[in-house]
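If you read the protein sequences in the order shown, they are chains A and B. Whatever position you read off the first sequence (first residue = 1), add 13 for full-length UniProt numbering. Whatever position you read off the second sequence (first residue = 1), add 13 for full-length UniProt numbering.
One or more hints might be untrue.
Because identical chains cannot be distinguished in the list, a pair is counted as satisfied if it fits within a single copy or across any two copies.
Okay, derived cross-link-like pairs now, SDA-like style, lysine to any residue, Cα gap no bigger than 20 Å in a straight line [stated by the list, open to error]:
{"#": "1", "residue 1": "Lys-75", "residue 2": "Thr-150"}
{"#": "2", "residue 1": "Lys-51", "residue 2": "Asp-40"}
{"#": "3", "residue 1": "Lys-51", "residue 2": "Phe-84"}
{"#": "4", "residue 1": "Lys-75", "residue 2": "Arg-63"}
{"#": "5", "residue 1": "Lys-51", "residue 2": "Pro-162"}
{"#": "6", "residue 1": "Lys-75", "residue 2": "Val-146"}
{"#": "7", "residue 1": "Lys-75", "residue 2": "Thr-90"}
{"#": "8", "residue 1": "Lys-51", "residue 2": "Ile-121"}
{"#": "9", "residue 1": "Lys-51", "residue 2": "Met-132"}
{"#": "10", "residue 1": "Lys-75", "residue 2": "Ala-185"}
{"#": "11", "residue 1": "Lys-75", "residue 2": "Val-24"}
{"#": "12", "residue 1": "Lys-75", "residue 2": "Asp-41"}
{"#": "13", "residue 1": "Lys-75", "residue 2": "Phe-180"}
{"#": "14", "residue 1": "Lys-75", "residue 2": "Arg-27"}
{"#": "15", "residue 1": "Lys-75", "residue 2": "Ala-139"}
{"#": "16", "residue 1": "Lys-75", "residue 2": "Ile-133"}
Hints in this document: simulated from the structure, not taken from any laboratory. It should be emphasised that the depicted structure is a prediction, and the values quoted were computed from it without experimental measurement.
2 protein chains.
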Amino acid sequence: SDLTDAPRGPVVERVPAGDERLRLVCDDCGFIAYENPKIIVGAVVTHGDRYLLARRAIEPRKGFWTIPAGFMELNETAEAGAAREVWEEARARVTVGPLLGVYSLTHISQVHLIYRAEMIDADHAAGPESLEVALLTWDEIPWDDLAFPSVVWALEAQRRSVGRSDFAPEGAPERPHRPE
Amino acid sequence: SDLTDAPRGPVVERVPAGDERLRLVCDDCGFIAYENPKIIVGAVVTHGDRYLLARRAIEPRKGFWTIPAGFMELNETAEAGAAREVWEEARARVTVGPLLGVYSLTHISQVHLIYRAEMIDADHAAGPESLEVALLTWDEIPWDDLAFPSVVWALEAQRRSVGRSDFAPEGAPERPHRPE
Ligand SMILES: [Zn+2]
Ligand SMILES: [Zn+2]
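Using the sequences provided together with the hints, build the complete structure.
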């Protein structure tokens, strides 16, 4: 069979029997993909008065700077996932602290759980998804070259909560700076 | 073809090319099901000194009492999802307040985001997934007949945070009362 005949997986939108919402279904095998919002876990990582940022080696927003964050995996806590992402992207070991932000991004159906984390030592290095990693003071942060609005929100949430541990995480602002 | 030959969807565990983790793949159509943790949104709903609880009409834990909670849907905020679940299960309209708990249940790969919510009026009724709904004082809560440990955690988090709005959400206790 040529490529146009190849099975394509769940790509047809339909309301399955007994359901009330459109779901992606596969006409080849009948599988129903119950799409759920996805969880992004990440951290604003500090070492003294410096912030750990990574420059993205992959799309989207390749070449722009971000805090370590990525898709939460199965069978981990949100805090463990945040620490894992810090290790994978910036090769730093951290202690995860309070939740800075819970950002529901409705247009892409993601919930970002961003924690405060402190480095156990100053070691850091670029992981496979990063071009470079840097420990920067607040004034050195490349504000015009940050990858996503939620990076700005989380950095500002950390700045506002310095010295506090018992505070409510913030949500996404009413007007995001830029669609993500 | 008989039933044993029917396509079964993604049921084979394999590490796809370019990936590093086991995923469920479909041998019929090649679809890879990237399973992600799922988000449960819910609320501890109060009206004065009373708590809104629903008795489950569906499995799991049919017949047991719960706070309104369920799977977050696409394209909604976590807060809107919590209010939606309150309406679907207990036919009450609420104002959603601060986050009481963020419970990572690693054995079932769920993250529960449980908010405090206040009823706009006293109206309530059983939705299709509830056998009955009740507004109960703290002492009337059927502690031995609650559906899930996270219901207990969230009720206790609400009790501890009464009168406060700027506080950190709690996580799951180290030793869950009972596997969920
Ligand atoms: Zn298929
Ligand atoms: Zn298939």
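Practice task
Check each numbered hint against the structure and report the violated ones by number, ascending.
Solution key: 1, 2, 4, 7, 9, 10, 11, 12, 13, 14, 16
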